[in-house]
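Following the hints, put chain B in place on chain A, whose structure we already have.
Going down the list, the protein sequences come from chains A and B.
Its first residue numbered 436, the first sequence is counted upward by one per residue in the numbering used here.
Its first residue numbered 482, the second sequence is counted upward by one per residue in the numbering used here.
Hints listed in this document are in silico derivations from the structure and should not be mistaken for laboratory results.
Even glycine gets a Cβ: it sits at the ideal position worked out from N, Cα and C.
One thing to keep in mind: the hints can contain errors.
Claimed, not checked - Now the in silico label distances, taken between C-beta atoms and shown as ranges:
{"id": "1", "chain 1": "B", "residue 1": "Glu-488", "chain 2": "A", "residue 2": "Leu-794", "range": "48 to 56 Å"}
{"id": "2", "chain 1": "A", "residue 1": "Leu-622", "chain 2": "B", "residue 2": "Ser-617", "range": "42 to 50 Å"}
{"id": "3", "chain 1": "B", "residue 1": "Ser-617", "chain 2": "A", "residue 2": "Phe-439", "range": "49 to 57 Å"}
{"id": "4", "chain 1": "A", "residue 1": "Val-797", "chain 2": "B", "residue 2": "Lys-610", "range": "27 to 35 Å"}
{"id": "5", "chain 1": "B", "residue 1": "Gln-618", "chain 2": "A", "residue 2": "Ser-570", "range": "52 to 60 Å"}
{"id": "6", "chain 1": "B", "residue 1": "Glu-601", "chain 2": "A", "residue 2": "Phe-604", "range": "51 to 59 Å"}
{"id": "7", "chain 1": "B", "residue 1": "Gln-618", "chain 2": "A", "residue 2": "Ala-658", "range": "35 to 43 Å"}
{"id": "8", "chain 1": "A", "residue 1": "Pro-534", "chain 2": "B", "residue 2": "Asp-633", "range": "52 to 60 Å"}
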Amino acid sequence: MSLFLYLVGHFASKRVRSGTALLFLLLVAVSVFAGFVSMAGEQGRTASFFQSYYGPSQPMQALDIGSAHTQVWVATNQNLRITERSSQGIFLPLRMATPWLLFILPLVGLLLASREVSQDIESGVAQTLHAAPVSPVALGMARVLGDSLATALLIGLGLGGAILVGSRFVPLGVNSAELVRGLLLMLILGLYTSVFLLVGTLVSTISRNSLRALWVCVGIGLAVFGAHLMVENLSTAQPPPYPNVPWPPASVNEYLYRVSGIQDPMARRAMESRAPAEFLPYLASLRTHAATVQRMLDARYQDDRWLGLVSPADGIRQVAAELLQDRHASATEIFAPLPPAETPVSIWVSLRQTFPELLGLVLVWLGLFALNVRALSLLEV
Amino acid sequence: MFPIEVEDLTKVYGTRAVVDRVTFSVPQGHVFGLLGPNGSGKTTIIKLLTGLIRPSGGRVRVMGNDLARHPLQAKAALGHVYSGMAFYSHLSALENLTFFGRLYRLKRSVLRQRLVETLEFVGLWDERKKRVGAYSQGMRQRLGIARAILHDPRVLLLDEATSGIDVQGVNAIRELVYHLRTLDKTILIASHQLGEIELLSDSIGLLKAGRLISVGTPEGIKASLRGILRKYVVRVPRPLDDFGVAVANHWFVKDSNIVIAGEDIGSALVERFGAQAVQTVDATLEEVFLWMLGDAQPHRETTPSRGSR
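The following block holds chain B by itself, in its conformation from the complex:
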């Protein structure tokens, strides 16, 4: 049994499948990163995992509890942090957390202790009696973290948790992930920021238009594309176009002089620029994902400072 098990999960709105037969599982103590562009279905998956919306098909199990059959047990094992977390603005942080603590059926003595621990952890203990309405966005997000871990969940879901918040908030979330990892908690992070996912996750799932197109460790994913995706650095002083190099349909040209291609074009480049100028290197994870998300269609990405195109 894995703490998070998702099987053929599907959510259809009208005729459009927002999540399409997604299957994955996250082992105990692992950090799983769900990566995808905006609208790829990350938040919908998180909402399906928390029971906020009902699936059109498939199954979710949290700590062995089927979310459809035993929603209360499954939800009790979950903590949830999402972008722009909201609280009752007329209540103080302490009152808000007390209310949510009661919803998780924490005993009064345990709740008192957890309130102190969590508010100190996110650095809001001194602000605990202030109305949440007067909090900044970053403070609210940190309060959101406190709320998510208040009941000491076995599984934590972070949905775009670092977007739109201050450095302190981002740092608190990273610390939280590192801290929970030491406690053998299972964490699922959904984000469109590769850097964040790469930094924190043990394994990654790449979502595209509601489908999980790749799952594995960063190295594993990169290795799986070795021989399929090639990256060439061409050391010439000017953009490749200036040399009259026609970029074929399957090429992905980055920074003018880096070529990523789905087929071997090394010899053609060597023939044009010479063996000294052409170097074959491993594509970065970002490039791998961009290539995957682009579905190997022609794509150009330029650095504005270079002004190459």
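Chain A extracted, bound-state conformation:
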């Protein structure tokens, strides 16, 4: 056992000490850092959006959240639902960086692993290794585990470093729940990357030639990206026909116009008692509309999850979206009243929600791990 752990450490340190590892770390860090830049840009865009469409910015918090006329105001002013999600803490930079990471991590993982075994065969080190009295299965397992651990470390360092540096420029309020979700996301990204490391190692073992393995791995990386493009196009080709928000009757419209002119919240509240008779039925129709939109969103979310079978990046993206509590954060305009303020769901609920994707990820990892061990144990050098 101690020899096995020693071998795991050896292969992990070999990966970390290789020059390409630095490139890997930098790519991860730059991606997350780009997330910060995007975050600042996104906040600016949101502010200007409100500025241009609604005149002076009216922060939602300043209105009476949940009051009837606020709900109507939000619905009729075509508010983008995504702007209502939490934009605090480490979630937003991660949210911005994750789509990039889902392509950068596999590609770099594949490229790194493509040399893993073939380089040892070409240099002759494999002969010395395989002539030693160590079981080829243990050698294969140690190689794969060591590489995976090193990759997880590199991803952690890249993400952590970028967040540390980025937080000096963009204020981040991090709470413990977010930190746990962030760490869990890193772990899942590590497992996801490890899947591609395993694919790269398998290609490297079978091809026995670094250059040939490199080309095959580039092809696999492009296929992953191509599958994502296909899925994205499929997903957006026919957007669900979200119904338009019911237009208010003239009396309600006039009432809302008067309400929006009153700045004093107390005076606005006093106005509610003088709402026209059509106001409450209209509000009920808005709620029905909101429920319809919510059902359509949920149905689309479930449909999109099936596409994860074709595009692994999109499958993991669903997991990330759930963990970052960002499930519906697509650029879909939802003309519906805001739901009541949501309390964040527990992390177990999030994990349960994405159980099929996580199970799939773990099963694919185990399958590839077994294949690698088998291929390495049959390797003749």
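The following block gives chain B in isolation, referenced to the frame of chain A:
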């Protein structure tokens, strides 16, 4: 039980048998030389012995351990030096040897002691902290020797160990063989260099196209061909062709005036050149092997400086 026992060992790639039912054994403390031209299957046999490739048939036993059934025990008894030995180039010699020492499950205290002994033996102690990537080919080969004997193996396999290295490296390998012989270790040397094999080996196996065509001591092999292979030195001032001597199909003419033949042609030569000019002598081991490898087919070998042909 012999330290190395090979029985009907066969390796087939596609339809081609690279090693074809090879059988031999090497007694304790003996140096066995596996001799053959390039592509005759020497390296494949060594790889089969070290478990780097799996045999298509036959059996290998190292110190009584069947390599297929107890590979770890068999491998633990083996040391392996091959041409162009490779190491992790980003690690130092000391780090490399420490890593491989751990693979052989050496205890830390034993490993420390063996590191000093082996690196001093190959003359690399002062260079131990240098990255192996900065080593010369000869230094790497010497480091390879250190690695092969680090775990004090009972059996050592040398595969073309002296090819492409400097004089110092060649000398280190010879010293290693002499040293290990005194320690009663069993050694198998595979090489295409007859001089090397003849110098170091107690017995020799000659490989041809994957088959072991002859096994024995150099004298034994030579003696076994006495009466089958004949060598004549014809003392005449010019090449034999100048005298209009037709070289028959079964003749092997060397240096123009040395004739090696599979049948008795002494009387014909005496008749042509006279008894004073023709002398019958024993063929050298090299000539015996060349004749064997040539399968008694017509073969000519000339010395360029003589410019005889």
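Structure-based check of each hint:
1. Restraint check, B:Glu-488 to A:Leu-794: a C-beta distance of roughly 50 Å satisfies the suggested window 48 to 56 Å.
2. In this structure the supplied range 42 to 50 Å holds for A:Leu-622 paired with B:Ser-617, their Cβ-Cβ distance being about 46 Å.
3. As the Cβ distance of B:Ser-617 to A:Phe-439 is approximately 35 Å, the hint placing it in 49 to 57 Å is violated.
4. A beta carbon spacing of about 44 Å between A:Val-797 and B:Lys-610 contradicts the range 27 to 35 Å that was offered as a hint.
5. Between B:Gln-618 and A:Ser-570 the beta carbon distance is about 32 Å. The supplied range of 52 to 60 Å is therefore violated.
6. A C-beta distance of roughly 57 Å is found between B:Glu-601 and A:Phe-604, which places it inside the suggested range of 51 to 59 Å.
7. Taken as a hint, the range 35 to 43 Å holds for the pair B:Gln-618 and A:Ala-658, whose Cβ atoms sit roughly 42 Å apart.
8. A hinted range of 52 to 60 Å holds for the C-beta pair A:Pro-534 and B:Asp-633, which are about 57 Å apart.
Hint violations for this structure: numbers 3, 4 and 5, all remaining hints satisfied.
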